[in-house]
Each structure stands twice: as structure tokens, then as C-alpha cells.
Amino acid sequence: MEKDFTLIKGDGYGVLHMRNIGKYVLLIVLVAICIALSMTTPRFFTIQNLMIIVTQVSINALLAFGVTFVIITGGIDLSIGSIVAVTGVVAASFAHADTYPVIVPIGVGLLAGLLFGAFNGFVVTRTKVPPFIVTLGTMTIGRGLALILSKGRPISNLSDSFNFIGGGKVLGVPTLIIILVVFFGICTVILKKTVIGRYMYAVGGNEQAAKASGIQLSKVKMVVYTLCGGLAALAGILLTSRITTGQPNAGAGFELDAIAAAIIGGTSTSGGAGTMIGTLLGALLIGVISNGLDLLNVTSYYQQVVMGVIIIGAVVLNSLKQPSN
Amino acid sequence: MTKPRSFLINIRYADAVMASPQDYILQVRGLTKLFAGVVALDNVQLNVRMGEVHALMGENGAGKSTLMKLLIGLLKPDSGEISFDGNDLTTSHVRDVIRQGISMIHQEMLVVPELTVAQNIFLGREANGKLFSWLNDRNLTEQAAQLLKQMGVNIRPDTQMKYLSVAQMQMVEIAKAISNNAKVIIMDEPTSALSDKEVAMLFSIIIDLKKKGVAIIYISHKMEEIFTIADTITVLRDGKYIATKPAAEFDIHTLITMMVGREIDTLFPISTIQPGKEVLSVRQLSRKGKFSDINFDVHEGEVLGIAGLMGAGRTEIACAIYGLDPADGGELYIKGEKVVINAPQDAIQHGIGYVSEDRKQFGFIPRLSVRENITLASLPKYAKGLLVQAKSESEVADAMMADLRIKASSSNQPVVQLSGGNQQKVVIGKILLSSPSLIILDEPTRGIDIGAKAEIYKLINQLKEAGTAIILISSELPELLGLSDRILVVSQGKQTAVLLAKEATQETIMHYAMEP
Amino acid sequence: MKRIQLTSLSSLFFLSVLLAACSQSSTSEKSADGEGKKLVVGVTMLSMQNEFIVNVHDAMVKKAEADGVELITVDAERSALKQVEQVESFIAQKVDAIIMNPCEVEASSPAVTKALAAKIPIINVNSETSAKPTAFVGSDDVESARIAMKYIAEKLGGKGNVLMMHGYMGQAAQIKREQGAREILKQYPNLKLLAHQTGEWDRAKGMSLMENWIQSYGSQINAVFAQNDEMGLGAVKALTDAGLKDKVIVVSIDAIPDGLQAVKKGTLDATVFQNAEEQGSKAVETAVKAAKGQAYGKETLIPFQLVTKENLTKFLK
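So the protein sequences, as listed, match chains A, B and C. Heads up: the first sequence runs through residues 1 to 325, numbered per this note's numbering. Heads up: the second sequence runs through residues 1001 to 1516, numbered per this note's numbering. Heads up: the third sequence runs through residues 2001 to 2317, numbered per this note's numbering.
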């Protein structure tokens, strides 16, 4: 009789297997594209080129990490590109040679991004306005602030120590790669190993269930938008450092690349699902394609078409792993 | 209907433990709640003792769910007070209420699909719910494994919730409520998706909890359950408190009368019609991993019941006939002619209608009005070119509303605002509008109160009298026995018997349902 | 109900204060004193996020203040449609003259036609439209690219491998600068265009593109022509990081302050100066003359100048 208690449908054993294959779909696509590129051009698969790809990807990846948090809770943040501009300009204005120690522009820039993100969170939690609209508004506000603060002109002549953080190398490894790896680790830990990370999945997966379990939705959302703002600020500071100038028009359209990376990486647009490794792979996929097409000297017109096709393809492949119920 | 189901252990659980006359652990006085000025709960009281099962009875809309949401802190009352174990909980946040020791099994199954079973069980209580602290998932998984084992449930705690069946999810919800070491557990329709086996398991869990002095507030529409498990019954009607009495002082008739406020005659209408010509016949139907070798016929004016345990393949057979998950073997004949059904469009074309067990997901579009939902599937009939003829659409919808006695302020009211029973009627109305010759009803009365149930039964009988063939899937055996002409029993994807309803009993059905 | 009124009232108040504060900063001039009638010129600029355009506009403001002319400036934000609407509103305001810095060759043309139909003089500054305006003040983009590419050709002795970074594909400046560069390439058959790709006028994108090219062509690269300084500076950064800057010549256009600084440091070999001040002040001057009915030049072309380390001082402010 004991056997009758076995519940027939999906006891987990069979599906666990399925799920694991699904997880690797993106990795397989990425590896396949890398192999294809290696066969067409010998210049692709070199340590140096691979480092360049990761360097170029790092800023988008950091933004994508932030937006992954937000999308997992069922929200969206369109303002990150503008936060990049605001924080870049703010950091640059404190980073002129022979003024402040390098920690000041970094600190002030991060603070600006955290405040900006907290403002997003505040409006999202205190009003019933959907995050799409709220951050669409703050996107424009941010762009305007960047122009006001910089008077429409790039801010340059930054100190060498500031230019080092996003443009230097440590033991032959670009600082951007090191920072990317560190923050990938931090974000993964936040998402998987902390209570707040768990609550992000709960809020996005089923807001009512989260509420009934005693989770304070507004606190979770505040944290998430603030975190996203902070990561965007980091990206803004690094971009400013990499191109050695704070530009008010920097980061335009970055939000779309970041959201694309998160979604290619398997983050569910309806919330409740997503991983940092997926987002990182998504960002790498975009970076590899763009680098590969440059190496192959594909005309810019075709580049855009190819990029679009591959984005849709990756998402379609990704969706195949979802059980259709 | 009046006797307890014998396949449940044939004693009254309530007698197993003597309710000790202890102090009230939970006291509710003068509780009132208004929604947009409408009184949902009016000066209600509730007193629950330690170690008792306290059933809360009332039709849908009587205010049971509102009362429970107030208790758990999801809503704040307009007046009145809630005291629990000496503390005032009247305006406490859910988090504090849970911490104080009240937990709740929600009717809507509030689970997070992407999280694992263990993560769902302990959601909101990891590291005392402190936002910035570490998780110990291994620890949680171990605790969950132990808990599930104690309950006798065979579910892996590291499985993601989305891979579970509805019944399994419900067991997890129960585990979650228990794991809190609560002093009061609210169970809102905990058995709506459970098979009888699992109900028996739940009841033995309840007995254990009672022994530990835990009080259970139990809400269910299934009368047998109430009379099996409850010690005390409180009745609400139209948001008002009616009475609280020991369960032994009620019988089914007095309870229903008190709930409905009027007498309900016979629950199952008597039909005299003889089945006519064959409408559907199914030969060797199979679908890999779900069911195999299913054979039956349904005739005009006949109700064919399908019985079986949860997961036995009942819904899967219906889905195959309707083309939602087409069969991969066997044949279907409609009025003697062989047909191929690969998608719902094919089924609709052949005059088959399907009312899903999950009406919220497949049945209706919540924000659309009653009228829009009813005409949704047959809209082209009421349109000229691209324009919907508002007048003829309204006429049809109003007529259907009157026929089915759908209670709504008007045909423009969004379906989401209706009670469960009326929502179900809207879904049936939508199907009827395409005048099908065969209707498949999958758990048509799940979560519906007794008054509305009686009306649905009447409706099924009317359809039958009009010569429609009906396939009725239900977990409630009295319902199957009372309405069907013949009953097909399935067990683990195989057909084990076709019984004449007149000759069948709950025992014989269960015998075949559990046949390996 | 009361609360809603209160919030809407207070937000209205807030809004009006905000608007008042903003408008103060743009038209700071107080009402015209003495003269009674002050000329009003409507100005619509391609994008106030572009440094060169901002410089042109600053020169206009300076000149207008000196001449006692009132400027009403609006930003078309790179949208030709918006620009046409802005010109329509200038016409409705009955300004004395309009200065337009067109967004697009074709799509901004209706603005010219409408202004002329309303008998308001319209002056195109910096770039052209297909419809002929009252007057044009600007420089010929084709010429700027000729100057830049010619410098590369001479430095390389007419022989070598060149890369070209485009601006946004399809924009007038990109088309013309490509045209000028290709004219020179044709004259030097031994000058080979290895690859060309868009860097979208952006420094970070130019830098990434250069990094990828370095992977592709490495030491084969002799020179890079970037269609603006931003991309040129991105290329310089990538080449410096790769330790190749000494071997590769980088030339770009616009002579923005950062570009001049780079020329001073010797990292950017040359840039081409487009005279923003001249364009701005000549545009206002022409507009005033046209509005007063005085004689004016139909086409004022301001010459480009090559900026190298040798003649740098006269461009540095």
C-alpha cells in the first residue's frame, strides 16, 4: 500500500535531467559560434583577442547583472544607460588630475548611482505606476541631468590613477576583466546565497505568495533598484575611465544591450527566473558576435541584421528548454 | 451523501481525540471589513480552542476568505479586534502574525514556481527573514526532507515547484503551514486538488496536530470532510455571524439550511430520459506515458462519468479527445464517422465542448465582461464584417445569463468579480453557445459552494434532457454516482471498469480505481 | 477628494516654479530697452548633446548679444520631424529670421520651404538641405575629409594600409566625409583601404572597433582615418594600449578640445579644424542682414584648416 502514495506526475527525477540540458543550451550556442569563428579566422582564438572580447563585454555585463536583479523581481529598469552618463559625468568632475584622490570620484559616482536607483525604487514602490513607465521617465531625467552637470561638453583631463581603474592592467590582465569577475561572483552570491536574493525570486515568481509569506515587497524592490543603480554607476565610472572622459551622451542605448544580455541568458521577462551565469553568457554571446563580425570585416549594415537574428535564435533555443506543461 | 465515505477510515476522527475544555487560543470580536463601502464582514465573532478543528462554513461570498485574510494580516479590519494567545493582533503585518504562530494554507495555492519545494516551505522565514543574511539551503532541504517524510509524502525537496502536480503543490502548502510550529493553522479548501488517499493523509496529520494542542480552522465545501474532522462549526452567511455549535449537534440538512438560509430540496435531480444514438466512440485510445487502450461510447442524453485517483489519466483522456494534447494511438468516431482531432479547432468543428478543471487558467478572461466571455468563442456569429453587432451580442449574452441564472450586476460586469460558481456558469455558457453535441465537464464543481453546485447539477440534467452527450470527470464520488448513467473507472492510465451507476457504489468504484 | 485637489494644486505650483526657473536660464536677456523693437531670430539646432554644435551655438549667442538680437533656441534632438515642427512654431511666432542647423538633407527640407512661403528668411548653418534656403553658412564636409586623407597620404609617401571609421551610416556628414576620403584614395593607387566600419561617432565604440582591427590586421596597419575626433581618440587609446601608436598615424576631424590636447601630446597626429565660431557668428550676421533687407552673401563657406603639432598654438584657447 505504501507504494500508492507515490505521486505519479513529475516526481522530479526525470525532469531534473531535462533541466540540466536546458541550462547548457546557451553555452553550447556560444561554444559553437566560437568554433565557427576560429575556423574562419585564425585571429579569433588567441588569448589576446579573447581578453579583448571580455574587456569590451564587461561594461555591458555589469549593467546586465543589475538589470537581471530587477527583471527577476518582475520589474524593468530602462534608466541604466542614463545612470551611466550621470555617474560618469559626476565622477569625471571629481577626477581631474591633481585634485582629489581617486577614491573620491569613485565614491561620489557610486553614491550618485545608488541614489538614482533608490529614487527609481521609491517611485516604483510608493506609486502604482509600472516600472517601465517610471524608469522611462527617469531615463530622460538622467540624460537631462548629465547634460546640465556637464553643460553638454565632455569632461576630460582626468588623473592617471582614475584612468587606470578601467583602462589599466594588473599582471597583464585588464582591470575591467578583474572587476567583472569579482562582481560576477558578488552578484551570484547575492542572488543564490542570501535571503534577499531568494526574496527576489519569490517576489517575481508569485508576488501574492511572497506577500502571504510575510515578505515586505517594497523593501525587496527598494534594494533591487538601488543595487541596479549602483551597478550602473560602476559601469559608468569604468566607461569614463576607459575612454578617459566623462561624456553626457555616454551610455545611450546601453539599457537595451543589457536587457538583451539578461534575456538571452534566460532571465524570464515575467519575473521569477534567471541566473547571473546566464546573463554573463548572454553578454559574452553579444560580444563574441560583434568582435567576430569586425574581424571578418562584415559591413555594418549586415552586422545589425546578423546580431538581431542571433539574439532571436538564442532566445528561441532557450525557450525550448521550458517544459510546455 | 449523508453517510461518510467509507474509503476514508470509517471512524469519526473527531472522536479520536477528546476536545479538552481549554481556554480560547484565538478570539475575534466585532470584526468588520468594508470594501469600497460595501460590507464584506459585519460584526463577526469567532472563538477557537486549543487542539480543536473548527470548521468555518458558509456559501461563497459569506465572508470566510475575508475573515481569514484579516486573521493572517493580509487585510486590515475597519473595526473589531483579534486577540491571539494573549496578544492583540488586530493590525499586525503578515510577517508578525506568522511569527506569533498562525499559518495559513491558501486556497489559491500561493507558491513560487521557480523555487524548490524546500525553498517554498521556508519562504519568508529563512534566517528569521532578515534581508541581509546568508542562506543555508542544504539545511533547509534537509529539514524539508524530514518534514515531508514525517507527513508520508513522497516529494523530493529539491524539485522546483513548477514540476509538481496540483495535488503535490497542495501537500507542500500543508507542509509549509505545519513547519511554522504554528498554534493555529488556517486551512482554506486544503483538499480541493487532493485525491482521497491524500485527504486521508491530511486528516491523520490533523489528528497529530490536535494531539499537540494545535487548533485548525478548517474551510471546505465538502460536507463529508466537515462531518468527519470537525469538532466545532461556525456558520457565516452574507458576511454575518450566524452560529457556533459542536459538530455533533449538526446534521447535513440543518447545516445546509443554516448556510443557505433556505431549504434546498434534493441535490441530484432525477432524470427519466433514455440514452439515444451514439455520439462519440473511443477505440484503443492511448497517449504514451499517460494512458493506453481506452474504449468507451457516449450517447445522446447520456452522462458518462469518469472516475479515478489523482494522476490516473482522467484529465489527460479529456484533453486527448478535445485535442489539447492529442492522442498518439487509437481511433475516435463521431456519430459513427472516423475523425482525426489534432487541435481544439478540430474538436469544436465536430461539436465537442470542453470545460476545463482549471477554469482560472483556461476557462475565462478575468477582466472581460460576462457578455464578452460568453460570446468569445462564437463571436463571428454576431459580427457583420469586422464589426461586432453589439445588440445581437447583448441579446444572446443576456439570454444565456438568464438561462443559467448567472448572478451578476449586469452582463457588463467583469467575470473576475463574480463568485466561483457564477464564473463556472459563464464558462459553461460560453461552451453552450456553440451548441455542442458532446460536452466534457472536468471537475465542474470544484471550489463551488453548495447552492451553486445544486444549480450546476440541475443544468447538467437539463443538457441531458435536451439530448446532449456529457462526459463528467469528478473526484466527488457522490456527484458521479448521482449524475452519471455509466461510470468509466481508470487506474494508472488503464481502464479498469465501466459500471452502471445504478448498480455501483462508492466502494466498488474505489476498488476499481485502486486496481493496479 | 480634497486630498486629490491639494496634490494637483501643489504639483501645478511646483511645475510652474520649475518652468519659470528653466526659462530664466535660456533667455536671460531682460526686455528690450530703448530701441523699442529688437530683432528676434529663431534657432533650431541638430543636437545640443554634440560639442561642436554647442560651440556653434555659443558663438551665435555671443554675436547676438553684441548685436542686440534676441535668440530663441530649440534643440531638435536629431529628429527632422521635430525640427520641421519647431520651424512651424517659429513661423507662427512671426520671428524676423530663422537659423536652422538641419538634421537631415531631405527630411528637414520642408522647414525651408515653409519659412520661405511665410516670407521669413531662413539660414542653414553647418549642413545642407535639398531645398534651397535664403542663405547657407558652413563648410564643405567633403573638403575636410580630403584634407585629412591627403595628410595621411603625404605622411605615408603615398603607400600603405589605411582603415576608416565611419560616423552613423547614412548621415550627411558621414556620406560626405567618406566621399572626400575616397577621392584622395583614388589619387593614390598604392594606398590601400584595409577595412572600414562604423564607430557611430562614439569614443567607446571607436575604441572597441580599433581593438578588434588590431586583432585582425596587427602590424599591417599604417594609418587610421576617423570621421570625427571622438572615434579618433578611441582609436588612439586602443593603439596606445596595444603599444602600436608609434607605428600608426591617426587623423580625424572637428578639432574638439580633447582632440587638440591629443595633438599637443602627439598621440593624435592631426585633426581638421572646422571653425565653429565663424559659422555661428556669420550665421547670425547673415540672418540679421536678411531680416533688415540688407545685402548678404548667398553662400558663406568657411574654410577648414589642418591642425598639427606645428600650428597648434593658434587653435588652443
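Hints in this document: simulated from the structure, not taken from any laboratory. Fair warning: there could be bad hints in the mix.
[Said to hold, decoys possible] Each computed EDC-like pair below joins lysine to aspartate or glutamate, with the alpha-carbon atoms no more than 20 Å apart:
1) C:2245 - A:207
2) C:2265 - A:160
3) A:151 - C:2128
4) A:169 - C:2277
5) A:193 - B:1142
6) C:2264 - A:207
7) A:193 - B:1096
8) A:192 - B:1096
9) A:211 - B:1096
[Said to hold, decoys possible] Residues of chain B clear of chain A, computed beta-carbon distances all greater than 12 Å:
10) 1096
11) 1127
12) 1240
13) 1390
For each residue, glycine too, the CB sits at the ideal point set by N, CA and C.
Against the structure, the hints:
Note on residue 2245 of chain C and residue 207 of chain A: the hinted pairing is violated, with a Cα-Cα distance of about 56 Å set against a maximum of 20 Å. Proposed proximity of residue 2265 of chain C and residue 160 of chain A is supported: the alpha carbons are some 15 Å apart, at most 20 Å. Between residue 151 of chain A and residue 2128 of chain C the CA atoms are separated by roughly 27 Å; this puts the pair beyond 20 Å, and the hint is violated. With a C-alpha separation of about 41 Å, the suggested pairing of residue 169 of chain A with residue 2277 of chain C is violated against the 20 Å cut-off.
As the CA atoms of residue 193 of chain A and residue 1142 of chain B are separated by approximately 16 Å, the hinted pair is consistent with the 20 Å bound. With a CA separation close to 59 Å, the supplied pair residue 2264 of chain C and residue 207 of chain A exceeds the 20 Å bound. A distance of roughly 24 Å separates the Cα atoms of residue 193 of chain A and residue 1096 of chain B; the hinted pair therefore is violated under the 20 Å criterion. The straight-line distance between the Cα atoms of residue 192 of chain A and residue 1096 of chain B is roughly 25 Å, outside the 20 Å bound, and the hint therefore fails.
Our distance criterion of 20 Å between C-alpha atoms is met by residue 211 of chain A and residue 1096 of chain B, whose separation comes to about 12 Å. Separation of residue 1096 of chain B from chain A is inadequate, the least Cβ-Cβ distance of about 8 Å not exceeding the 12 Å criterion. Look at residue 1127 of chain B: its CB is around 5 Å from the nearest CB on chain A, not clear of 12 Å, so calling it non-interface is violated. Its beta-carbon lying about 26 Å from the closest one in chain A, residue 1240 of chain B satisfies the requirement of being farther than 12 Å from that chain.
The Cβ of residue 1390 of chain B sits about 31 Å from the closest Cβ of chain A, beyond the 12 Å cut-off, so the non-interface label holds.
Hint compliance for this structure: hints 1, 3, 4, 6, 7, 8, 10, 11 are not met, and every other hint is.
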